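Line by line, the protein sequences are chains A and B. Every position in the first sequence, counted from 1, becomes a number in the numbering used here once 563 is added. Every position in the second sequence, counted from 1, becomes a number in the numbering used here once 414 is added.
The hints are all genuine.
Example chain A residues on the side facing chain B (calculated, C-beta under 10 Å, incomplete):
#1 Tyr569
#2 Thr591
#3 Ile601
#4 Asn608
#5 Ile761
#6 Ala764
#7 Cys799
#8 His805
#9 Pro845
#10 Asp846
#11 Glu847
#12 Pro853
Note that these hints are calculated values from the structure, not bench results. None of these values were measured; they are calculated from a predicted model. Note that the Cβ used here is the ideal one computed from N, Cα and C, for glycine as well.
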Amino acid sequence: MTRIIYIEEQVIDEPLTQRICDRYPRATRILCRHYGEIFNRKGQNFRLQKQQPALILARKQQQLVLPAPPGYGLDGDSHYYFSHMLNCVYDCRYCFLQGMYRSAHYVIFVNHEDFKQAIRDKLQHSDDQRNWFYSGYDCDSLAFDPVTGFVDSFVPFFRQQPRAWLELRSKSPQTRALLLQHPLDNAVIAFSFTPDNISRALEHGVPGLARRLQAILKLHRQGWKIGLRFDPLIYCDDFRHHYRALFREVFTTLPAKCLHSVSLGGFRLPKPFFNTMQRLYPDEPLLAGPLNEQQGMIGYRQTLASDLIGFCSEELLRYIPESIFFPCYDQGYDQ
Amino acid sequence: MINLVVAIPCEARPLIRYLRLQKQANVRSYDLFCRDDLRLIVSGIGKLASASACAWLQGMSEGCEHPAVDAWLNIGIAGHGSLDVGSGVLAHRISEPGSDRSWYPGFASGPACPSSALITVERPETRYDENTLYDMEASGFYASCSRFCTIELIHCFKVVSDNPVSGIGTINEIAVTNLIEAQLPAINSIIEHLRRDCQQLTRQHQPAVQMEACLRRWRFSRYQRLQLQRLLSRRQCLIPEQQLWLPVFNELEDAAQVLVYLQQQLDQLPVRFGQ
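So that you can see chain A by itself, here it is in the shape it has in the complex:
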């Protein structure tokens, strides 16, 4: 339960600010000049804050839409991401956000209209027919949707932008707002998965696989395009057994014909993020595992990464056509 809401003075009268504050009538409200005073300051402890993160309601003023990092996207011409929220309600031990941000508080940007204008601007300056916009890079797109109102705000907007493709990425079965909308032709709802044993050990707070698959099935039946993201792939001794079981369960529930795309990628982090995460969680076996550094990135040793990505690619291609498969071979895989 949220007990503290920091509010930038400049957004106090925004309708979304009011709506969120009304949702938490007993929370302590603290005014600040700029969200960075709380979110970016030195000397914070992410792990302590993660016990009960506060909300920070703010206006995103610059760099509202950015080029997507290499390897993040699917096909298409241009790839961008935008973040209506910073940080995630789940607590996945492999997540780079723990290493990237000093604070575990949830920043919610309430100026949705500015994001929409920035997306329009990108489209105006692009000749490409397919421009991807990813919303799940700095947060889970759906898990906090009842609070952020993201779906109700952005789905109608993207309906009017046929050259813009929206990818929502999530681990959440929180799909009610999507089910209340007509499916978008130019949107993919992408869900990421790890095998059950790994999810239980590393993805704290993430709902079980069966519940998520049922939510995806409902979306598919309504006509939404579905993406599957096996990213990051996590190595363990019997990974073949666990990933085979995961793929079997996923593709028994979801027919391949309902899928827009399937992608996978290895576990990798920039070294500074990894070092921060190791300091925060020195007791975490994932971070003590068989990792090494290559060109500033920490990932599995090449032979392990190659085994893992190779095996999972072959297994996936038993269930899906190659045309919808988008592996990210950026680390240690001999194709």
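Given the structure of chain A, go ahead and fit chain B onto it with the hints provided.
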């Protein structure tokens, strides 16, 4: 260690009694009282005095090989624009008039009691804004402590001593002592919160088991020492149940051999989740 910082002796007295603190007779610079993991220092009035006392106290802990995680709590009286005299309040935003700087104490699990914005002033304030505390130490205390402590472990707890109805003319030493005394249960609860968070961070920063034994037996350079700490932490994480001191260790001749052995052992360990 939980460090309590108060400005004047009459604020300190009820805390010293309640927490059974002992005066440190060998300390001359400040009045310092200790017991177990608690230290209380009487800083004197004003933000500069408070900042200096915190820095001095921190200096006493510096230089240890494995310094413990400390928490800092400033306790004192303050004016408030609307709260009743005797109310106990944590500061959630600390600022100074005429300055752009603000400090926001971090709450790891929400404030343990009601909270308020606080303004640190140079002289006692007699014109009060409705929802604001006024004190004379907090900004100095917070600015100083935030140089050496994580912000979730630095807090200011104030007991309202004056307000628009009951002005500063009514405050005397006995009244101050009584105000603090009445809030001892709340103060104790905040100390417990801080102690729990300190313990969590201490566990996080503990040196690996057997580090000391290795350092006693072999000579490690500074860099090798860091490598050893890293390897032992990884080993402890992956096979916590296995003793480090295997017979093979008695055959290793120097630090380099120990590091190579540990690295090779770690490379061969299985990686399992959810076992």
